[in-house]
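Chemist: Once you've looked at the hints, dock chain B against the given chain A.
In order, the protein sequence lines correspond to chains A and B. Sequential numbering from 1 applies to the first sequence in full-length UniProt numbering. Sequential numbering from 1 applies to the second sequence in full-length UniProt numbering.
No lab work stands behind these hints: they were computed from the structure. What you were told as hints is all true, and nothing was included just to trick you.
Note: identical chains are not told apart, hence a pair may lie in one copy or across any two.
Pairs of lysine to any residue, SDA-like flavour, derived with a Cα cap of 25 Å:
| hint | residue 1 | residue 2 |
| --- | --- | --- |
| 1 | K11 | S116 |
| 2 | K37 | E191 |
| 3 | K81 | T104 |
| 4 | K81 | Y99 |
| 5 | K111 | D23 |
| 6 | K11 | L91 |
There are 2 protein chains.
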Amino acid sequence: MKLLEEAIREKGTVLPGNVLKVDAFLNHQIDPALMQKLGAEFAEHFTSKGITKIVTIESSGIAPAVFAGLALGVPVVFARKKKSVTLKDNLYSASVYSYTKQETSDISVSKSFLTSDDTILIIDDFLANGQAALGLLEIAEEAQAAVAGIGIVIEKSFQQGRKLLQETGVEVYSLARIASLENETIQFVRED
Amino acid sequence: MKLLEEAIREKGTVLPGNVLKVDAFLNHQIDPALMQKLGAEFAEHFTSKGITKIVTIESSGIAPAVFAGLALGVPVVFARKKKSVTLKDNLYSASVYSYTKQETSDISVSKSFLTSDDTILIIDDFLANGQAALGLLEIAEEAQAAVAGIGIVIEKSFQQGRKLLQETGVEVYSLARIASLENETIQFVRED
Numbered sequence: 001m002k003l004l005e006e007a008i009r010e011k012g013t014v015l016p017g018n019v020l021k022v023d024a025f026l027n028h029q030i031d032p033a034l035m036q037k038l039g040a041e042f043a044e045h046f047t048s049k050g051i052t053k054i055v056t057i058e059s060s061g062i063a064p065a066v067f068a069g070l071a072l073g074v075p076v077v078f079a080r081k082k083k084s085v086t087l088k089d090n091l092y093s094a095s096v097y098s099y100t101k102q103e104t105s106d107i108s109v110s111k112s113f114l115t116s117d118d119t120i121l122i123i124d125d126f127l128a129n130g131q132a133a134l135g136l137l138e139i140a141e142e143a144q145a146a147v148a149g150i151g152i153v154i155e156k157s158f159q160q161g162r163k164l165l166q167e168t169g170v171e172v173y174s175l176a177r178i179a180s181l182e183n184e185t186i187q188f189v190r191e192d
Numbered sequence: 001m002k003l004l005e006e007a008i009r010e011k012g013t014v015l016p017g018n019v020l021k022v023d024a025f026l027n028h029q030i031d032p033a034l035m036q037k038l039g040a041e042f043a044e045h046f047t048s049k050g051i052t053k054i055v056t057i058e059s060s061g062i063a064p065a066v067f068a069g070l071a072l073g074v075p076v077v078f079a080r081k082k083k084s085v086t087l088k089d090n091l092y093s094a095s096v097y098s099y100t101k102q103e104t105s106d107i108s109v110s111k112s113f114l115t116s117d118d119t120i121l122i123i124d125d126f127l128a129n130g131q132a133a134l135g136l137l138e139i140a141e142e143a144q145a146a147v148a149g150i151g152i153v154i155e156k157s158f159q160q161g162r163k164l165l166q167e168t169g170v171e172v173y174s175l176a177r178i179a180s181l182e183n184e185t186i187q188f189v190r191e192d
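Excised from the complex, chain A in its bound form (with noise of 0.2 Å):
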């Protein structure tokens, strides 16, 4: 989406060890123009999968899925990363490590908004490793809730995220994919 590659380029920074930084309108600033830009992407591309719900993780995937919750019609539940006070029992919940952070938090899901009839697509900002995405598919399954997608904003496709979700057979459509940051140098992947 050459909108979003425009405002990587433009607004993102590359820091030592392939990390992209985004924090200027994805990841801590938010430019909701810009998400509704790609909320309508992930709509416009999923919209004949039946979906009916959209599944994120907080906090920077919110953005995102809320624009393409408002673009299909469907409500967003976020994935929250340990679980709150008001919501203890009553769970579906993955385990996820983080490369970043180099630790492992739970991810979790009130099993009263998502079940066996749910189609959902999985919205997330990010894919690297894929593991956020991974424990997702892991809670979609518990429910057992069909999985018609996962839509990424940046797709850093020099790792291994893409290859393990395909390999669960889930189709996986990123806005912006990341071919290499090396020599702090963005380059996207090019699809002729």
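Modeler: For chain B alone, coordinates are given in the frame of chain A:
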């Protein structure tokens, strides 16, 4: 706001200890169409205030904030509840005590995204004891940003938050004001 009060009555549940659970449309599952209307209402109310940026806190403030940001044509910054790996230095921060969780956490905003040139609208999902909003006011003060007002989705008017915030001289605009949750019955403040 009538539509919000209806959603609270229909989908909210009252738990012991004056806890209002609105996980069905705000705090876990999100109703994007309702969020859009809440955001538009905030935008309309504060439209003449010269707002340059909306500041909220992850995670439940993000959805109403991004729709308000879209309507006002300004970016949204969400304060983080703990410091992340890629956001170490260069932060404004404040300590926030949560009566619900009975713990103190740090909230922080990057200095890159809040300056003395900004006039901000603070948006949050709940106002109870006011600690989160006071923390955001503290961050605004550190940044020497002007504060045009505080927009709250649901205010528990029987707790001290509104009083504490109003003592700072900042306008508090709440879309739903709850007078009482006694006997597990939701009573709204009636403003005639």
